[in-house]
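Novice: To convert, note that position 175 of the sequence shown is 201 in the numbering used here; the numbers rise steadily by one, no gaps.
Quick caveat, the hints were computed from the structure, so don't treat them as lab data.
Just so we're clear, the structure is a prediction, and the values are computed from it rather than from any experiment.
All C-beta atoms in this analysis are idealised placements derived from N, C-alpha and C, irrespective of residue type, glycine included.
Please note that a few of the clues may not be correct.
[To be verified] Here are the computed distance ranges between Cβ atoms for each label pair:
| no. | residue 1 | residue 2 | range |
| --- | --- | --- | --- |
| 1 | GLY148 | VAL538 | 53 to 63 Å |
| 2 | ALA523 | SER501 | 43 to 53 Å |
| 3 | THR391 | GLY148 | 14 to 24 Å |
| 4 | GLN469 | LEU67 | 27 to 37 Å |
| 5 | PRO542 | SER173 | 14 to 24 Å |
| 6 | LYS286 | LYS333 | 51 to 61 Å |
| 7 | PRO90 | ALA202 | 27 to 37 Å |
| 8 | ASN307 | LYS514 | 45 to 55 Å |
| 9 | LYS324 | ASP463 | 35 to 45 Å |
[Claimed, not checked] Cross-link-like lysine-lysine pairs, in silico, PhoX-like; alpha carbons within 25 Å at most:
| no. | residue 1 | residue 2 |
| --- | --- | --- |
| 10 | LYS477 | LYS467 |
| 11 | LYS174 | LYS114 |
| 12 | LYS152 | LYS430 |
| 13 | LYS248 | LYS336 |
| 14 | LYS508 | LYS327 |
| 15 | LYS474 | LYS454 |
| 16 | LYS324 | LYS477 |
| 17 | LYS327 | LYS441 |
| 18 | LYS441 | LYS430 |
| 19 | LYS229 | LYS467 |
| 20 | LYS152 | LYS174 |
| 21 | LYS286 | LYS114 |
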Amino acid sequence: MANETLKAGFEAYTAGVVAKFDKNPERGNLEPNRLYTPLDLEGFDYERDLGLPGQYPFTRGVQPTMYRGRFWTMRMYAGFSTAEESNKRYRYLLANGGSGLSCAFDLPTQIGYDSTDAMAEGEVGKVGVAIDSLADMEILFDQIDLSKVSTSMTINAPASVLLCMYIAVAEKQGVAADQLRGTIQNDILKEYAARGTYIFPPKPSMRLITNIFEYCSKNVPKWNTISISGYHIREAGSTASQEIAFTIADGIAYVEAAVKAGMDVDDFAGRLSFFWNAHNNVLEEVAKFRASRRVWAKVMKERFGAKKAKSQMLRVHTQTAGSMLTAQQPNNNIVRVALQTAAAVMGGTQSLHTNSKDEALALPTEESVTIALRTQQIVACESGLADTVDPLGGSYYVEALTNKIEAEAWDYIKKIDELGGAPEAIAKGYIQKEIQDSAYKWQMDIEKGNKIIVGVNKYQTKEEPPKNLLRVDGSVGEMQAKKIAALKAKRDNAKVAETLAALKVACGDDSVNLMPLILEAVRAYATEGEICGVMREVFGEYKSHVAL
27 MANETLKAGF EAYTAGVVAK FDKNPERGNL EPNRLYTPLD LEGFDYERDL
77 GLPGQYPFTR GVQPTMYRGR FWTMRMYAGF STAEESNKRY RYLLANGGSG
127 LSCAFDLPTQ IGYDSTDAMA EGEVGKVGVA IDSLADMEIL FDQIDLSKVS
177 TSMTINAPAS VLLCMYIAVA EKQGVAADQL RGTIQNDILK EYAARGTYIF
227 PPKPSMRLIT NIFEYCSKNV PKWNTISISG YHIREAGSTA SQEIAFTIAD
277 GIAYVEAAVK AGMDVDDFAG RLSFFWNAHN NVLEEVAKFR ASRRVWAKVM
327 KERFGAKKAK SQMLRVHTQT AGSMLTAQQP NNNIVRVALQ TAAAVMGGTQ
377 SLHTNSKDEA LALPTEESVT IALRTQQIVA CESGLADTVD PLGGSYYVEA
427 LTNKIEAEAW DYIKKIDELG GAPEAIAKGY IQKEIQDSAY KWQMDIEKGN
477 KIIVGVNKYQ TKEEPPKNLL RVDGSVGEMQ AKKIAALKAK RDNAKVAETL
527 AALKVACGDD SVNLMPLILE AVRAYATEGE ICGVMREVFG EYKSHVAL
């Protein structure tokens with residue numbers, strides 16, 4: 027009876043004066059209903075769909091107390107030029123209240139080339155820090171106690187090499203591997219689908235990933251062995267539903283590969299983590315975070331039979347949306363990032379990086395990165411958003427939107443399963459095409475004015491070009507070349523050759539875990555290019571091809 031009364035009242039409300047004024051040309055294309063009521067939650071079951079924070083299905087968060095226990099990790103993403111320059115930025119961030127580091131590597135490092143390689147010309151130190159060997163990694167973390175800091179490294183194809191460098195630096199500091207905390211991205215499937223920094227074909231790439239899972243479960247148990255990344259999928263143009271669906275489909279593929287390799291799901295699943303984008307639509311993003319936890323919990327419990335609660339939890343690092351930063355009126359980006367930060371916090375992230383206002387123009391200056399860090403601190407300490415768990419839980423709109431995003435994600439996951447799983451769906455071009463279609467629709471909506479981007483397609487002003495942008499010294503490549511030459515002159519080259527030869531033999535035997543051999547080569551000061559070069563010889567290189 028109550029619902030019937032509500033429905034009758036809502037119909038009268040809709041047919042009345044509200045309908046005459048539900049058009050606002052400055053709002054663009056309004057997709058949600060104008061008002062949400064209990065009618066939009068038909069079939070909603072509190073225990074099944076919501077529950078309590080820290081309990082299955084984790085819709086309301088993975089910890090019982092969330093930020094009342096402690097704030098999320100404020101992990102500022104940084105890295106540029108040389109290890110010396112990036113080390114200064116890391117120590118500056120930690121001194122100003124950052125609670126974790128997030129390393130950005132330059133393109134040659136990301137695809138396994140030394141700075142002296144012809145493929146690296148013009149790119150050394152440009153979009154991240156150049157790391158050629160353990161010697162560079164030692165400088166990068168100079169005066170930073172690795173027993174006290176959590177470090178995330180955005181590295182994928184050569185993740186095994188960079189992780190071994192980190193372990194070796196810790197050894198030199200006297201920090202045992204079982205005390206290290208942090209994350210490697212290590213998500214190769216999204217590279218094939220959306221980002222492009224791959225090296226090897228899928229089969230050996232998946233082998234390297236499962237080798238890392240196995241090695242870390244025994245030797246580096248506090249380390250998150252993969253950050254299954256929806257961030258780059260969203261940056262490439264996907265919708266919120268596609269972001270979590272395609273990413274969770276990738277996660278399913280990684281779990282399947284590890285189980286097939288003989289690992290017990292509860293031995294490694296608790297160290298899997300995810301990486302979400304915090305986009306502009308605040309309430310949609312909150313719903314996305316909540317829906318993603320529910321989907322993953324069901325996947326792990328019902329599909330893989332995971333018994334431990336930690337294996338069913340979707341723990342997530344978040345970065346505000348780089349693709350939503352505008353070169354026009356860059357100060358507006360401060361407001362965008364603040365709203366995206368609020369969305370991530372209300373959504374229940376475990377860790378967060380906030381972009382700087384000038385990143386649509388250049389790498390961030392010290393001033394702009396400080397504003398970005400202060401944004402997190404203001405949200406944490408002043409906004410009240412961290413005072414209670416899942417503050418928007420129970421909102422008719424947020425709960426209805428959470429259900430909608432979850433349903434759309436399941437539809438995509440079902441389709442991907444029918445295609446043979448994420449690797450096969452990527453090989454067939456399905457995921458790429460879905461992302462491309464969404465990106466095209468978004469761009470057309472902006473060009474037609476259906477979506478308003480302030481300062482871009484509305485409220486434009488004439489502007490002077492920004493000043494004081496950070497520029498990377500063009501001589502970085504020359505400096506790195508000198509470092510490599512000096513390293514090769516003083517290291518034990520016979521030992522390097524011995525470790526590389528052993529690694530090459532092991533690469534040909536799928537039963538061998540490559541991590542100990544890579545670690546030995548790193549300790550001998552073999553360069554990243556030398557190590558990846560050996561693996562290239564045996565594994566070959568992936569060549570992109572899309573069949574649509």
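Novice: Now look at each hint and say whether the structure bears it out.
Specialist: Hint-by-hint comparison with the structure:
no. : hint                         : verdict
1   : GLY148 to VAL538: 53 to 63 Å : violated (37 Å)
2   : ALA523 to SER501: 43 to 53 Å : violated (31 Å)
3   : THR391 to GLY148: 14 to 24 Å : holds (23 Å)
4   : GLN469 to LEU67: 27 to 37 Å  : holds (34 Å)
5   : PRO542 to SER173: 14 to 24 Å : holds (22 Å)
6   : LYS286 to LYS333: 51 to 61 Å : violated (19 Å)
7   : PRO90 to ALA202: 27 to 37 Å  : holds (30 Å)
8   : ASN307 to LYS514: 45 to 55 Å : holds (52 Å)
9   : LYS324 to ASP463: 35 to 45 Å : violated (27 Å)
10  : LYS477 to LYS467             : holds (11 Å)
11  : LYS174 to LYS114             : holds (18 Å)
12  : LYS152 to LYS430             : violated (41 Å)
13  : LYS248 to LYS336             : holds (13 Å)
14  : LYS508 to LYS327             : violated (53 Å)
15  : LYS474 to LYS454             : violated (32 Å)
16  : LYS324 to LYS477             : violated (34 Å)
17  : LYS327 to LYS441             : holds (20 Å)
18  : LYS441 to LYS430             : holds (17 Å)
19  : LYS229 to LYS467             : violated (34 Å)
20  : LYS152 to LYS174             : violated (29 Å)
21  : LYS286 to LYS114             : violated (44 Å)
Comparing the model with each earlier hint shows violations of hints 1, 2, 6, 9, 12, 14, 15, 16, 19, 20, 21; every other hint is respected.
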